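Enquirer: Sequence:
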Amino acid sequence: MKITFHGAAQTVTGSKHVLELANGKKILLDCGMFQGHGKQTGEWNLHFGFQPSEIDFLVLSHAHIDHSGLIPRLVAEGFTGDIICTPATRELCKIMLQDAAKIQESDAKFINKKRLKLNKTLVEPLYTMEDALLALSFFKRVKYNQPYTLTEGVELLFTDAGHILGSAAVHLDITENNKTTKITFSGDVGRYNDLLLKSPAAFRQADYVILESTYGDSLHDMAMPTEGRLLEVIQDTCIQRKGKVIIPAFSVGRTQEILYALNGLELKGVLPKVKYYVDSPLSEKATLVVKAHPWNFNNKVQEVLKQDDDPFDFEGLSFIEDTEASIALNEDQTPMVIISASGMAEAGRVKHHIKNNIENPNCTILLVGYSESGSLAGRLKSGVNPVSIFGEYYQVNAKVTSIQTMSAHGDQNDLIRFIENQDKNLTKKIFLVHGEPDTQEIFKQKLHEKGFQNVEIPYRHQSFEL
Numbered sequence: 001m002k003i004t005f006h007g008a009a010q011t012v013t014g015s016k017h018v019l020e021l022a023n024g025k026k027i028l029l030d031c032g033m034f035q036g037h038g039k040q041t042g043e044w045n046l047h048f049g050f051q052p053s054e055i056d057f058l059v060l061s062h063a064h065i066d067h068s069g070l071i072p073r074l075v076a077e078g079f080t081g082d083i084i085c086t087p088a089t090r091e092l093c094k095i096m097l098q099d100a101a102k103i104q105e106s107d108a109k110f111i112n113k114k115r116l117k118l119n120k121t122l123v124e125p126l127y128t129m130e131d132a133l134l135a136l137s138f139f140k141r142v143k144y145n146q147p148y149t150l151t152e153g154v155e156l157l158f159t160d161a162g163h164i165l166g167s168a169a170v171h172l173d174i175t176e177n178n179k180t181t182k183i184t185f186s187g188d189v190g191r192y193n194d195l196l197l198k199s200p201a202a203f204r205q206a207d208y209v210i211l212e213s214t215y216g217d218s219l220h221d222m223a224m225p226t227e228g229r230l231l232e233v234i235q236d237t238c239i240q241r242k243g244k245v246i247i248p249a250f251s252v253g254r255t256q257e258i259l260y261a262l263n264g265l266e267l268k269g270v271l272p273k274v275k276y277y278v279d280s281p282l283s284e285k286a287t288l289v290v291k292a293h294p295w296n297f298n299n300k301v302q303e304v305l306k307q308d309d310d311p312f313d314f315e316g317l318s319f320i321e322d323t324e325a326s327i328a329l330n331e332d333q334t335p336m337v338i339i340s341a342s343g344m345a346e347a348g349r350v351k352h353h354i355k356n357n358i359e360n361p362n363c364t365i366l367l368v369g370y371s372e373s374g375s376l377a378g379r380l381k382s383g384v385n386p387v388s389i390f391g392e393y394y395q396v397n398a399k400v401t402s403i404q405t406m407s408a409h410g411d412q413n414d415l416i417r418f419i420e421n422q423d424k425n426l427t428k429k430i431f432l433v434h435g436e437p438d439t440q441e442i443f444k445q446k447l448h449e450k451g452f453q454n455v456e457i458p459y460r461h462q463s464f465e466l
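Final position of the sequence shown in full-length UniProt numbering is 466; the numbers increase by one with none missing.
These aren't lab readings, by the way, just hints derived from the structure by calculation. All values derive from a computational prediction rather than experimental measurement. Don't be surprised by glycine CBs; every beta carbon is placed ideally from N, CA and C. Be aware that a few hints might be false.
As the list claims (entries may be wrong) - Restricting the straight-line Cα-Cα distance to at most 25 Å, the calculated cross-link-like pairs of lysine to any residue (SDA-like) are:
#1 K444 / Y394
#2 K2 / K198
#3 K198 / W295
#4 K428 / T181
Unchecked claim - Restraint-style ranges between C-beta atoms, simulated for each label pair:
#5 E124 / E232: 43 to 49 Å
#6 D332 / K109: 27 to 33 Å
#7 K300 / K114: 47 to 53 Å
#8 F464 / K424: 18 to 24 Å
Whole structure, please, built from the sequences with the hints as guidance.
Expert: Below you can see the structure in the form of structure tokens.
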């Protein structure tokens, strides 16, 4: 048996790992899109590093685009197998992949309008809405803790990863030549004190663990709870400086956490009386999906539900759907909070909101999650000034700040807690994925200190015999 790491290898996005069995069957773990890597991003997304038509099964850990976003292209290039995921992941992918296809088609149309005038070769979208709809027909749903036979000799089990709604750690028991090899792929590991979701579940002993390492070198700052930090930023910006708070937020997970925290402030009677907007049709749809799965919430949220039947709604909140209403927010100079996708500010409406407010010293850009260093959010976080947006440079006069506690990824302590139920003498190897190289080296040393001696940091397209 062989495993090859085609994405999220010494980088954070583009999760794709191929298991090739002795009988020739190939299992793809995730099929994510690369994001925030500058000019390399497009090239990496065009070439998988393997032949899609040769993949027999795709096992999907969760719906985030850096894990699912290239599924329609996989199908367009010949994949016809089953796509196995949890029911909630299927529901989220239904809206997210169609949204991504719409963006791909729109971006290609915009680029080709310019290229046509310059008599240049036209570009094709990564995939189309037709590809996305076809891909959705291949999805099969498997619940947490429900054993599933993927193919002869391969047993699959999902356990709750606690990262976003429906996120799963993937456990494969593969029997070849009367010997069973146990493989665990963590997907993205959530927090053990998440605002909304249950903690990551314990799992059976594995021979090999493919472990994410996004925050393997750091601890999330818990000095001030999320509610308190949000209140501080809104009071400073909207009440004191009469400006706008712009929050780039992932449509799935992060947006709902922000709404829950703002609702908590209202329940306490301290939410500032300003306008609040979620300016993302995808975020609105994702919030409806999250609301439909209350059994995934942790005990704290269950207690809130006893006094508030909708913990994601509060006075002053509006959802923006059409483009004209989104544009109108830029003309409205009254204090407001705008929550909009994408989380890395690489695309979508939030990029326009940042462009229109970045030179205003009364405004604040609030970053609430992981940002690739090359993305707009990453450049703002690192202090780049001026910053390029849509090919033009803007002075960063707005205040740029962040809430580190809102990450849906576990920090170093969470990752150690996730892996420590494994017998160090029985774990043959840990592969670190979904992390930057410097971070992974630090985390590798931490794992060594905890007794896990055989730790690999694969590079893109590197293969290992298991």
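Enquirer: Determine for every hint whether it applies to the structure shown.
Expert: Checked hints:
{"no.": "1", "hint": "K444 / Y394", "in the structure": "violated (39 Å)"}
{"no.": "2", "hint": "K2 / K198", "in the structure": "violated (33 Å)"}
{"no.": "3", "hint": "K198 / W295", "in the structure": "holds (9 Å)"}
{"no.": "4", "hint": "K428 / T181", "in the structure": "holds (10 Å)"}
{"no.": "5", "hint": "E124 / E232: 43 to 49 Å", "in the structure": "holds (47 Å)"}
{"no.": "6", "hint": "D332 / K109: 27 to 33 Å", "in the structure": "holds (29 Å)"}
{"no.": "7", "hint": "K300 / K114: 47 to 53 Å", "in the structure": "holds (50 Å)"}
{"no.": "8", "hint": "F464 / K424: 18 to 24 Å", "in the structure": "holds (20 Å)"}
Violated hints for the displayed structure, listed by number in ascending order: 1 and 2.
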